[in-house]
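Same order as they appear, the protein sequences are chains A and Z. Each residue of the first sequence is one higher than the one before, starting from 1 at the first, in the UniProt record's numbering. Each residue of the second sequence is one higher than the one before, starting from 1 at the first, in the UniProt record's numbering.
These aren't lab readings, by the way, just hints derived from the structure by calculation. Hints are supplied without guarantee of correctness; some may be wrong.
Rough simulated footprint, nothing fancy, chain A against chain Z, three-plus residues with beta-carbon under 8 angstroms [as the list claims (entries may be wrong)]: (1) 23-29; (2) 40-47; (3) 58-68.
Coverage of chain A stretches by chain Z, computed from C-beta distances (three or more under 8 angstroms per stretch; other residues unrestricted) [to be verified]: (4) 89-99; (5) 109-117; (6) 136-148.
Yeah, the Cβ is synthetic: ideal placement off N, Cα and C, and Gly gets one too.
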Amino acid sequence: MSAAGGGAAGTLRVPGRHGYAVEFSPYLPGRVACAACQHYGIAASSLTLSAFSSHLKDHFLMIIWETSGLDSTGPGCGTLLVLDKYESGLRLFRSFDWNDGLFDVTWSENNEHVLVTCSGDGSLQLWDTAKAAGPLQVYKEHIQEVYSVDWSQTRGEQLVVSGSWDQTVKVWDPTVGKSLCTFRGHESVIYSTIWSPHIPGCFASASGDQTLRIWDMKTTGVRIVIPAHQAEILSCDWCKYNENLLVTGAVDCSLRGWDLRNVRQPVFELLGHTYAVRRVKFSPFHVSVLASCSYDFTVRFWNFSKPDPLLETEEHHTEFTCGLDLSLHSPTQVADCAWDETIKIYDPACLIVPP
Amino acid sequence: MERAHSPTASASVPTAVQSDPASVTLTQLLQLVQQGQELPGLERHNIVATQGEPTASRLPRRPKPWEATDSVASRPPPTLGKGTAPEEPGSAEASAAPC
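Chain Z extracted, bound-state conformation:
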């Protein structure tokens, strides 16, 4: 297809609303970069991994919404291949049960 929309002037470059003093619009930022100026408020960190262990999980895994109507556990998992799903895409609405 043709591109539905192609900007023709810099005026059409989307810019953020300037609503916070700490914010720099995308256009302003690009201008600063082009001029080789220091970007305002640029944060530099030297963060390293703490090498800690994750906090122990206390919650059980919740079934996914699509597993609620699917007895996945009671049948072998599907394998990637042709013709494994009888259902036609687009007619899937007829049933909430996958394949």
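Only chain A is shown next, with the shape it has when bound in the complex:
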């Protein structure tokens, strides 16, 4: 494939599918996986609707939730989309359906064909992009929606972490049919679980209980509890160039940086989004750059070390922008997906000129 960085923005339209998460392949430049739901994921889970209401504080959605007849309509399906960026645009490589909405996706770190998704029915799915049918395996232990899944990037550690609305985190060895351990402590739904890129066996989780928590496989317990916002926290990520630095994104529209050596105060706060921050990712290439997407439809790029940290605001979506990732191959390439039924891969100007 000729996929690589540079070139014009590419858009793939996926009628009837609403994107929740995108992730670049760690192996193939320009290859992206997208976890998506039919009917915005709302039919996938009646509970999801209550989350939107709480994220948006919107009376309209709340009314719908309270009177919803979703039980009679049953779940909508989910779709895993695998696409490639070419000079001529984006092309769908593979598409796999699942019985329930798919909320997150992560690529294997030891096999270029393999990915793991998670879904509204409480299960994780293992897929093989070289095969037309799937999934190869289904892991069902969570008892509610699984909203996040992440494959460890630490060398020699092939573990997957999942976060669920059942308030538990589970760690899996994908070659084993059962989870290795379950972590309890969060007092509300878990939206985000991410492995430390530096510290083996260490991961972070973000929850509706307004805390960011740091966990250690070796002690099977929570190491640090950070009351990071006075609002639900929808996303967190680790800095790739400072093993003690994390960022959180919350329903209060803010992003906050946290130094694990002193968690009393955030080390930075980034303001500008006008609705809940849905996802945040540190740059794999730029030491102090991160990107965030939001229910305000925008994707924003930030340099937290600058007095004026907002680098750029991308306004190319017309609905909630839920999925976001930065390429591991190109320092400038970004992918995102939104509920306007599009997936985009592009090179924002602020990354083309070194920030």
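Position chain Z relative to chain A; hints supplied.
Here is chain Z on its own, set in the frame of chain A:
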């Protein structure tokens, strides 16, 4: 902080552009749900695992961008604890080498 923006009317509820016949806007969908109507085109599957083995990998793991300047393999991995990183966050820009 104060919420920067709070919708005050249903008119401010974000809706998708209607550009495909198969598409239902979020507002339309919520109305259908509220009315207890069948959602258009709702797909029901009964997919089960194939229990197959993954296709063999042929590509080596690529170093991560942050590993390129980091001799991770030549030093013991960091452990979670206080004071393991001398670098202050925010001044990290001064060097591409982590900690």
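- [ ] Provide an ascending list of the numbers of those earlier hints which the structure does not satisfy.
- [x] none
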